[in-house]
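There are 2 protein chains.
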Amino acid sequence: MSSSLPLSAKARRTGEQPISFLMVAAIANPKLINLAAGLVDPQTLPVAAVRQIAETLLSDPARGRAALQYDTTLGFTKLRKVALAHLEELEQTSADQMSLTDRDILITTGSQQALYLVGDVLIDPGDIVIAANPCYFVYSGTLASLGATVLTVPMGPDGIDVPAIERLLEKLKQSGRLEFVKMIYTTSYFQNPTGLSMSAEGRRKLVEVVRRYSKERRIMILEDAAYRELRYDGPALQSMKPLDDDNEFTILTQTFSKPFAPGLRTGYTAMPADLLEAVLHQKGNHDFGSASLTQHIAAEALTSGLYAKQVRTLCENYRKKRDAMLAAMDKHLPASLGATWTRPHGGLYVWVTLPKTIDAGRESALFRQCIERGVIYVPGEYSYQPDEFGIVAKNHLRLSFGQVDFNQIEPGIARFGEALRSIA
Amino acid sequence: MSSSLPLSAKARRTGEQPISFLMVAAIANPKLINLAAGLVDPQTLPVAAVRQIAETLLSDPARGRAALQYDTTLGFTKLRKVALAHLEELEQTSADQMSLTDRDILITTGSQQALYLVGDVLIDPGDIVIAANPCYFVYSGTLASLGATVLTVPMGPDGIDVPAIERLLEKLKQSGRLEFVKMIYTTSYFQNPTGLSMSAEGRRKLVEVVRRYSKERRIMILEDAAYRELRYDGPALQSMKPLDDDNEFTILTQTFSKPFAPGLRTGYTAMPADLLEAVLHQKGNHDFGSASLTQHIAAEALTSGLYAKQVRTLCENYRKKRDAMLAAMDKHLPASLGATWTRPHGGLYVWVTLPKTIDAGRESALFRQCIERGVIYVPGEYSYQPDEFGIVAKNHLRLSFGQVDFNQIEPGIARFGEALRSIA
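Residue numbers (my numbering), protein chains in the order written: chain L, 1 to 424; chain P, 1001 to 1424.
This is chain L alone, in the form it adopts within the complex:
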């Protein structure tokens, strides 16, 4: 019999990823149509492109050796340069105008690691982070583990509710708590879970508000742009980086996972120099640098044009899948059921709102009926923080057209419709 294992306070605050039960369900029943998984479509992974890139790199002894040696904690220089050039193109703004050089770009193990590190260097237990409700649940968990108090504002059709952020900051200022506000977290493009994006006006306004409330201590905007390049229609919006000309208030995380290949686990982040210095010291302790080989592959993907080609392929594929899902929903979820949903211009998710009387939670009749009929979704409750009365909305759910096979989308939605009818 073993004696007790005394864990740190942080470890005691850190739980299992909340939706692992969905993975267990999917493995237990391979016939289940999985509209829950946020994974990318395995059929479109760029195996041929990466094979070609690996051969290019590894048939050149000098490049091969560099790819197999340690690199710096900041990341492979060439990747930082081409990632910055790619960012200039996305923003239609020069690095100069954003006060960015390749020294302001950090390479991480997926953009998740950047999100973690930023939290780690800014947050002491009790500090405040402002986020949307609903919000990307993995990062909510991370913030809880770091001891942050997450205060929420609603999500609207134009993304996180910026006027609500302004009111909240003013309230915190009045009550003397402004100094505890460390950052505002927003998934600004095709948000997980709602599929909604921040408007150009909302972005401008948020940078202005943060600047105004940062007179004594800087508040950071952490802009998670993971889904940015999976855009199927609608305008190509600038991030908030070009609005922050002196590179002071905004952190922009991007990744190769969603628009290219998650298995590379390579993300890149542009952030203020003083913050980057602290993050870099921390990453030195975490791993002193992400895998070099995958950084070399990512750099070659960008420069060879194979990345751009893959993004086009993905967008065509996901656009069709999104359209199929929305068409199936129009067909199988008649207005009489009272469900409404978002019509995202990109990303992987459709967000469904049911009548307030219907519970879509993990323990609900609806979820059980879905499992019985062979379809799963992510209950919306996991994406919510309790509101000021401690209540978590239960009448939402997330559907993903990411991993599921095209031909399974309509049958999946049909099963969901049947389940919904069965409990009506």
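Nothing false has been slipped in among the hints.
Computed list of lysine-lysine pairs in DSBU-like fashion (alpha-carbon distance at most 30 Å, straight line):
{"id": "1", "chain 1": "P", "residue 1": "K1171", "chain 2": "P", "residue 2": "K1205"}
{"id": "2", "chain 1": "L", "residue 1": "K356", "chain 2": "L", "residue 2": "K331"}
{"id": "3", "chain 1": "P", "residue 1": "K1320", "chain 2": "P", "residue 2": "K1031"}
{"id": "4", "chain 1": "P", "residue 1": "K1031", "chain 2": "L", "residue 2": "K78"}
{"id": "5", "chain 1": "P", "residue 1": "K1031", "chain 2": "L", "residue 2": "K81"}
{"id": "6", "chain 1": "L", "residue 1": "K31", "chain 2": "L", "residue 2": "K394"}
{"id": "7", "chain 1": "L", "residue 1": "K394", "chain 2": "L", "residue 2": "K356"}
{"id": "8", "chain 1": "L", "residue 1": "K309", "chain 2": "L", "residue 2": "K78"}
{"id": "9", "chain 1": "P", "residue 1": "K1078", "chain 2": "L", "residue 2": "K31"}
{"id": "10", "chain 1": "L", "residue 1": "K31", "chain 2": "P", "residue 2": "K1081"}
{"id": "11", "chain 1": "L", "residue 1": "K171", "chain 2": "L", "residue 2": "K215"}
{"id": "12", "chain 1": "P", "residue 1": "K1205", "chain 2": "P", "residue 2": "K1173"}
Partial selection, computed: residues in chain L whose CB lies under 7 Å from chain P:
{"id": "13", "residue": "P6"}
{"id": "14", "residue": "N285"}
{"id": "15", "residue": "H286"}
Quick look at which bits of chain L chain P covers, simulated, 3 or more residues with Cβ under 8 Å:
{"id": "16", "stretch": "11–25"}
{"id": "17", "stretch": "60–70"}
{"id": "18", "stretch": "103–115"}
{"id": "19", "stretch": "138–152"}
{"id": "20", "stretch": "209–219"}
{"id": "21", "stretch": "259–271"}
Note that these hints are calculated values from the structure, not bench results.
Keep in mind that this is a model prediction, so the values were computed, not measured.
All C-beta atoms in this analysis are idealised placements derived from N, C-alpha and C, irrespective of residue type, glycine included.
Got chain L; can you put chain P on it based on the hints?
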């Protein structure tokens, strides 16, 4: 002018890696003979092997897709299985006898990430870690960043001084501080910086001592075996894992970086199940899994035999370089200079002890003379914690035969000898 950036307490405890000035010096003068860098030899990196492995993986669409998709936070199942089988072979002990299954193996971004995560889930500021003096400086920095109090015991020819650990634990018990002791950290094979290993007897004794002092709260042994397979002569010692039959007290970190290719940044760790659960939750927040592609490459390297072949190549190469360094030292550092040094059976380092009156520190005349003559080493002061009087030994230094070209070893040692004579 930007307002202040309020960093977390942890970020304020975290500094730059202490020896980055050496990298700056090396880049500033490419003619410098670098006996400081702990990097592996670029000439022996397995470019051809990895090219072959990448082609095998990526020419098979199903394997290719798996390598480019997300994997679990725990790591690629096949890699965990073959890593465990490899461990069985190294230990000459069955997994069963060590109470290990592949579910007890965690894949990380280099073994550094495992070291970090273990610290992160065990240590609250003020907790105690016992380590050798001198000790691997990157991890000392990590422990300081986590807020640990590092108490030290001497390094002897048989590795970390286990009787001194026992005396220290008893003293802590008597003073009521035993409950704060979270772990004992030891690089048990060819230690960085001394090149020395723990004896079989020391290992047995340490597990016995820890068991005895873990009656109320478990104390962990964190065994860092990064250099284990770079063994050039001397016995192949078991780790402490087989001595911990119920998998309760020992954490064994191993890596593909030193014996294969650092650029894969892939390490694997065997640890007690309850600790692993906490570590896994934490890693879920850090990055939800290391790069899949490099995990697939590591697994294929092990199963194809290319790993074993690479280890043999490396051992032959480094044995020659070690012999060249020791021969050059015998020739260029006559007894009259008063220097003594270790004669390591593996790893990448020779540890030099100078007469107590000679300062080998970063600001010393010796270091300056070395720079002028075109050779650098790692001042030993970086590997030391202050002793109970706050004093750091300055008369040691670390030489590495890892990255330096074979033909540069003797000239480098000759320059070092001249520098030493110049200040005598």
